[in-house]
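Peer 1: Sequence:
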Amino acid sequence: MPPVFSKETRKVYVRNDGRAGQGRTSPCENRCPLGNPIQKMERAVAEGDPSLALYLLRACNPFPGVTGRVCPHPCEEACNRGQYDEAISIRALERFAADAGAAGLKRLSPLPPSGRRIAVVGSGPAGLSCAWFSALLGHEVTVFEAAPVAGGVPRQSIPDFRLPKDVADRELGHILDLGVRVLTNTEVGRDVSLREIMERHDACLLAVGSRRERMLSIPGIGHALPAVSFLREANLSRRSLAGKRVVILGGGGVAFDCAFTARRLGAESVSLICPETRDAVRVPRAEVEQADDEGVVLHAGYLAAAVECGEGNVVRAVTADAVSSFSFDEAGTLRAEFVPGGRLRVEADVVICASGLLPDLSLLEGEGGLPGVERTPRGCVKTLHSAASLPGLFAAGECASGPSLVASAIAGGRAAAFDIHAWLNGEEAGRPLDVRVDEEGRLALERPEAKAVPHEVEFGEIVNIVHHAKAPRNRSAALASRGAWLAFEELDGGLAPEAARAEAERCLHCGHCQACGECVASCPGLILKAGDGAPEVAYPDECWHCGCCRLACPGACISFRFPLHTFL
1 MPPVFSKETR KVYVRNDGRA GQGRTSPCEN RCPLGNPIQK MERAVAEGDP SLALYLLRAC
61 NPFPGVTGRV CPHPCEEACN RGQYDEAISI RALERFAADA GAAGLKRLSP LPPSGRRIAV
121 VGSGPAGLSC AWFSALLGHE VTVFEAAPVA GGVPRQSIPD FRLPKDVADR ELGHILDLGV
181 RVLTNTEVGR DVSLREIMER HDACLLAVGS RRERMLSIPG IGHALPAVSF LREANLSRRS
241 LAGKRVVILG GGGVAFDCAF TARRLGAESV SLICPETRDA VRVPRAEVEQ ADDEGVVLHA
301 GYLAAAVECG EGNVVRAVTA DAVSSFSFDE AGTLRAEFVP GGRLRVEADV VICASGLLPD
361 LSLLEGEGGL PGVERTPRGC VKTLHSAASL PGLFAAGECA SGPSLVASAI AGGRAAAFDI
421 HAWLNGEEAG RPLDVRVDEE GRLALERPEA KAVPHEVEFG EIVNIVHHAK APRNRSAALA
481 SRGAWLAFEE LDGGLAPEAA RAEAERCLHC GHCQACGECV ASCPGLILKA GDGAPEVAYP
541 DECWHCGCCR LACPGACISF RFPLHTFL
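Numbering (this note's numbering), first residue to last: 1 to 568.
Just so you know, not all the hints are guaranteed correct.
[Claimed, not checked] Lysine to aspartate or glutamate pairs mimicking DMTMM-like chemistry, simulated, CA-CA at most 20 angstroms apart:
hint : residue 1 : residue 2
1    : Lys7      : Glu458
2    : Lys451    : Asp17
3    : Lys382    : Asp349
4    : Lys244    : Asp349
5    : Lys165    : Glu268
6    : Lys106    : Glu47
7    : Lys165    : Asp177
8    : Lys451    : Glu427
9    : Lys165    : Glu461
10   : Lys244    : Asp279
11   : Lys165    : Glu196
12   : Lys470    : Glu518
13   : Lys7      : Glu456
14   : Lys7      : Glu461
15   : Lys11     : Asp532
16   : Lys7      : Glu536
17   : Lys244    : Glu311
18   : Lys470    : Glu489
19   : Lys451    : Asp434
20   : Lys382    : Glu330
21   : Lys7      : Glu330
22   : Lys11     : Asp438
23   : Lys11     : Glu440
24   : Lys11     : Asp49
25   : Lys11     : Asp349
26   : Lys7      : Asp532
27   : Lys382    : Asp329
28   : Lys106    : Asp177
29   : Lys244    : Asp292
30   : Lys244    : Glu233
31   : Lys244    : Glu294
32   : Lys529    : Glu542
33   : Lys165    : Glu490
34   : Lys470    : Asp85
[Stated by the list, open to error] Quick list of the computed label-pair ranges, beta carbon to beta carbon:
hint : residue 1 : residue 2 : range
35   : Pro112    : Glu289    : 50 to 58 angstroms
36   : Ala306    : Ser327    : 16 to 24 angstroms
37   : Pro448    : Asp293    : 45 to 53 angstroms
38   : Asn425    : Asp169    : 27 to 35 angstroms
39   : Arg107    : Arg561    : 24 to 32 angstroms
40   : Pro524    : Glu489    : 54 to 62 angstroms
Honestly, the hints are just simulated from the structure, not real lab data.
Just so it is clear, CB atoms sit at the ideal spot from N, CA and C, and this is done for glycine as well.
Model the full structure from these sequences, guided by the hints.
Peer 2: Okay, structure coming up:
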């Protein structure tokens with residue numbers, strides 16, 4: 001058999017289960033929770049077309065400006081280029097496309113009205129993602145939100161220095177432009193029952209997120225502030241912490257955001273206490289370095305034991321015990337091994353507990369609720385293909401999966417939209433699906449025979465790596481002055497256009513043929529020729545299977561099917 005080329009598809013896909021013509025792909029695209037078309041986006045930026053890059057991203061993700069700022073970019077950790085010089089700044093390129101491409105963006109258009117009504121409870125990333133894709137499918141969507149503003153955690157809790165409010169509002173606006181109704185200050189279970197919503201709509205998605213804050217079970221914890229509530233209040237009031245010693249319990253992204261927010265509110269000192277080691281905290285390395293730069297003290301490897309209070313129940317300190325190891329059981333309970341004599345005491349005026357979130361599914365209980373809906377051991381809604389145990393009820397985001405990334409919640413909402421669409425049309429759940437955007441900007445759905453799993457290209461497979469000149473990673477502009485640095489101004493200034501193009505050009509395009517011509521030039525039998533967007537096999541029966549094309553390919557885009565046959 002002659003060589004097989006894994007070609008870069010020209011179609012704009014929302015979902016591509018069939019993977020026609022694309023049998024190989026890159027680690028970055030495999031690691032992206034959203035399945036973003038990272039390589040196509042980077043090529044568009046490299047060619048100076050950020051609007052096309054944004055169009056490609058928005059086909060998969062209605063919030064590229066949000067994820068381009070707050071996603072911890074697991075794609076970059078997997079990037080093959082990181083084993084050559086430095087990984088591609090994928091998140092920065094996504095953010096650049098979202099910002100620079102907005103002015104010339106081509107809008108997606110909904111399909112003709114289906115006559116079906118879908119309710120979404122919760123306007124966070126999962127709920128709004130489902131609303132966006134459901135509206136594009138032609139359904140009438142109403143979103144119920146308990147808070148005064150829509151947007152969930154990105155809009156209400158993530159600090160401005162990481163995600164400016166106008167970015168979240170801009171992307172929410174695109175969803176509202178499709179005719180999605182959002183009813184704010186409307187709490188399901190208080191203002192309207194879930195049973196009423198189910199009766200008035202053809203399907204309902206629960207996307208309430210993890211709204212209930214988990215507090216550590218230690219003495220004095222009642223005098224600590226819940227972390228997300230602290231962030232939400234800080235976003236609204238900017239109440240000063242001047243002269244206060246602040247201690248945060250936790251080692252995740254919310255804990256670090258609390259620490260940085262406390263510094264910007266004028267705290268005298270800020271400390272973090274967490275059971276993880278310094279190298280294992282659940283944030284990108286850059287945030288640990290930011291904590292060092294901003295004078296945040298990290299007490300890693302300690303589990304809080306008590307919040308000490310003095311006269312009048314005024315907080316005085318936090319005590320913690322050193323741990324050698326810890327784990328969580330199936331129900332989420334912490335199990336720790338302690339180091340004898342490893343006691344730590346940190347003086348404090350304010351204690352913030354960032355020990356995680358739990359789903360708040362009280363809307364399922366009581367009169368007007370649906371108490372029979374099955375739950376997981378951790379209290380989430382039990383789902384199969386987004387469907388709960390009650391027909392017509394679906395769930396996505398953290399109320400179904402537990403704590404996750406913003407990108408994962410968006411992906412869950414997108415999957416739920418197509419699962420609901422299939423259920424409304426009486427189709428079998430879980431069948432493979434290809435969804436592309438046609439020339440008019442509308443969704444086109446096709447059913448492939450099977451779901452394909454492309455081969456993930458490893459760095460060692462790229463034999464002709466020297467085709468790519470070594471080049472340093474282009475970094476985002478950062479605020480230089482410490483005064484501005486410790487204000488609520490956005491810390492990351494993003495990539496300049498020239499830097500974005502240079503960074504996008506560093507992509508190795510693993511497994512996606514870019515028609516560079518190296519294989520054609522290297523073929524000793526001259527059986528290959530340049531084709532439209534990818535090489536073609538002109539004389540398949542004369543292939544020697546020597547592998548020269550495979551060795552010459554700078555993206556490991558070529559494979560062979562076995563058994564091999566030759567006719568000489």
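Peer 1: Any hints from earlier that this structure breaks? Give me their numbers in increasing order, please.
Peer 2: 3, 5, 9, 10, 11, 18, 21, 25, 39
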